[in-house]
Each structure stands twice: as structure tokens, then as C-alpha cells.
Amino acid sequence: MQAVRDRHTVNHMVHYQTRLDTTFAALSDVTRRGVLEQLVGSDASITDLAERFHMTLTGMKKHVSVLEQAGLVITEKVGRVRTCRLGPHRLEEEAAWIEQHRQLWSARFDALDEVVAHLKRKEKAHVQGKGK
Amino acid sequence: MSKAKENSSAATIRTVVKRKSDRELEVTRTFDAPARIVFEAWSKPELFRLWWIPKSAELTLLSCDMDVRTGGAYRLVFSHPASDQPMAFFGTYREVIPQKRIVWTNEESDEGAVTTVTFEEDAGKTRVTLHERYPTTAALDEALAGSAEGLPEQFAQLDALLATGW
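Which chain is which? The protein sequence lines are F and D, in order.
Take the first sequence: its letter number 33 is residue 33 in the numbering used here, and every next letter is one higher.
Take the second sequence: its letter number 61 is residue 1061 in the numbering used here, and every next letter is one higher.
Calculated directly from the structure, the hints in this document are not laboratory data.
Among the hints, erroneous ones may be present.
Claimed, not checked - To list a few chain F residues with every Cβ distance to chain D over 12 angstroms, as calculated:
id: 1; residue: Arg52
id: 2; residue: Val66
id: 3; residue: Gln69
id: 4; residue: Glu76
id: 5; residue: Val78
id: 6; residue: Arg82
id: 7; residue: Thr83
id: 8; residue: Leu86
id: 9; residue: Lys130
Claimed, not checked - Listed next, the in silico DSS-like pairs over lysine-lysine satisfying Cα-Cα at most 30 angstroms (straight line):
id: 10; chain 1: D; residue 1: Lys1125; chain 2: D; residue 2: Lys1100
id: 11; chain 1: F; residue 1: Lys120; chain 2: D; residue 2: Lys1044
id: 12; chain 1: F; residue 1: Lys120; chain 2: D; residue 2: Lys1018
id: 13; chain 1: F; residue 1: Lys120; chain 2: D; residue 2: Lys1100
As the list claims (entries may be wrong) - Computed from the model, here is a short list of chain F residues facing chain D with C-beta under 10 angstroms:
id: 14; residue: Phe53
id: 15; residue: His54
id: 16; residue: Ile98
id: 17; residue: Trp105
id: 18; residue: Arg108
id: 19; residue: Phe109
id: 20; residue: Asp113
id: 21; residue: Val116
id: 22; residue: Lys120
Note that CB positions come from ideal geometry on N, CA and C, so glycine has one too.
Working from the sequences, and respecting the hints, build out all of it.
Written out as C-alpha cells, the structure reads:
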């Protein structure tokens, strides 16, 4: 059962690993993080975003394209204006990834906490014993 | 899984995990003891083996050799029912400053992490910061998939096992 579960875990990891990489790459840039924050407030055109972040239109198009590939942003062209809004991807997978790590480390550190508490009690008893 | 989450909710607040970059993971936790005690629990094999492996019934630590000093080596050997052969995890301590810091490598593959753990004592408590740096993003994700086999769904049993186990 454990082996089956492990294989499932590994498959699941491989399945979304690529997307996760794309997401973290997308988030590794300060301007792109700024764009996401901006879009939380309201949708914006690429021209708006370029102005706000003091960039050329071409530069901003590149950033938006990276965010789009990661599923973080959706763009839509209406007439001559390309509007950007937040994509459906959000950060749930990243949260799940962190959660798995947290479970491992919580388990380890809860156990370490027990060991540490035991050592502390032992030391205290030893000191008290000596005092008497 | 949800049951385990529920039961360990108190602990989950205390252990903070952050992905610092696509290749780095940081875990922090504060222990209610001086640094010398936390360091002792980390550096003595007979104590280390009591907590390092999540108490999954399926994973058994066969041996635990640790020479915790700069340049020293470690080797942990496990058995797992899914594998005929025991699995070994090994590496070298790059830097050991008692009660302050341990840096070690993980060398069973080329993709192993370099881990740094620091112990900062303040008013009788010790803040432990563990930092793992992997050579590639894929290595970090694979490490998680590998460690998942040690993740039992019944974390709730952990405390009971620890309380009676030694």
C-alpha cells in the first residue's frame, strides 16, 4: 500500500513539476510580481502596465507573456487594446507543495521537541539530585 | 490526511516552511530549551534516530552512523517493504560549530542538497533554522517525492510512539 501511494505521489509530482517550475520562474521577477499585485486590484491593458512600471511596451509584453504561460494571467484583445487579468492558476499547487514539506518537517520537529523536552527534564533532575 | 492535519494543528503553527527560491527551502521552529540541548539531540546518533524519521510503520532505520565534526561523515541505512535492498543516505559534515551550526552534504546522488542548520539561543529558547539548497529545481522536487515515502498519514500516532518508544 505504501509503495502504491509513493508511486502515486511521485507521478503526481512529475505531473505538475513542470508547471510549478514555470510558475516559480514567473514569480522570480520583481516587475512580474508587481504586475500580479496590480491585477489583483483591477484588470489593466499592457499599455497601462508599461506606463505604471516605466517600461517599454515590448518589455512589458515579454513579462506578461511569461505570466500568461504560467497560467497566472489571461490576456484578451479587444480592438487594438490587449487587456490583462488574473488567470485561473493562482497558487494552490504551490501551497500544496509547501504543505507536503511542512508535514514532513512538522513530524520531525514535533519528535525533536519530545527528545529535547526529555533531555531537559533529565538535566533538571540531575542538577536537583546533585543539589541535595 | 485530514485527521492527521487536525491532530497536528498545534504543531503546524510552530513549524514554518518557506520555499526561498526554486532551489531553496527553509524551515524554522523554536524549541523550549537551550541550544546545547537541541544541538545534543541533533548531533548524537542515539538521539537523532529518535526523531529524524517520521514514525511510519513501514520505514525502519537499520543503522545510523554520524561523526558530527567538520569533515566527518554520516550514513543512515533504512529498510522499506517496497524495496528488497536497504537504502542508504550518506554525506559529509562540511562545517560543525557546536551549539551554533551544522552544514552537511547529501551524496547518494549528484543532485543532493547542501543543508545548513543554525541554532540561535534567546532567553533559554532556541530558534532552529534549516536551509536546504539543491543544485537544480528538479532535484528539490524529486527530493520531496523521495521523502514522501517516509510521510505516514497517521501523524497523530507520532506523539504516542515517541512517548513510549524510548
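Evaluation of the provided hints:
no.: 1; hint: Arg52; in the structure: holds (26 angstroms)
no.: 2; hint: Val66; in the structure: holds (14 angstroms)
no.: 3; hint: Gln69; in the structure: holds (16 angstroms)
no.: 4; hint: Glu76; in the structure: holds (29 angstroms)
no.: 5; hint: Val78; in the structure: holds (35 angstroms)
no.: 6; hint: Arg82; in the structure: holds (28 angstroms)
no.: 7; hint: Thr83; in the structure: holds (30 angstroms)
no.: 8; hint: Leu86; in the structure: holds (21 angstroms)
no.: 9; hint: Lys130; in the structure: holds (17 angstroms)
no.: 10; hint: D/Lys1125 with D/Lys1100; in the structure: holds (13 angstroms)
no.: 11; hint: F/Lys120 with D/Lys1044; in the structure: holds (15 angstroms)
no.: 12; hint: F/Lys120 with D/Lys1018; in the structure: holds (29 angstroms)
no.: 13; hint: F/Lys120 with D/Lys1100; in the structure: holds (18 angstroms)
no.: 14; hint: Phe53; in the structure: violated (22 angstroms)
no.: 15; hint: His54; in the structure: violated (26 angstroms)
no.: 16; hint: Ile98; in the structure: holds (6 angstroms)
no.: 17; hint: Trp105; in the structure: holds (5 angstroms)
no.: 18; hint: Arg108; in the structure: holds (6 angstroms)
no.: 19; hint: Phe109; in the structure: holds (5 angstroms)
no.: 20; hint: Asp113; in the structure: holds (6 angstroms)
no.: 21; hint: Val116; in the structure: holds (5 angstroms)
no.: 22; hint: Lys120; in the structure: holds (5 angstroms)
Violation of the numbered hints given earlier is confined to hints 14 and 15; the remaining hints are satisfied by the structure.
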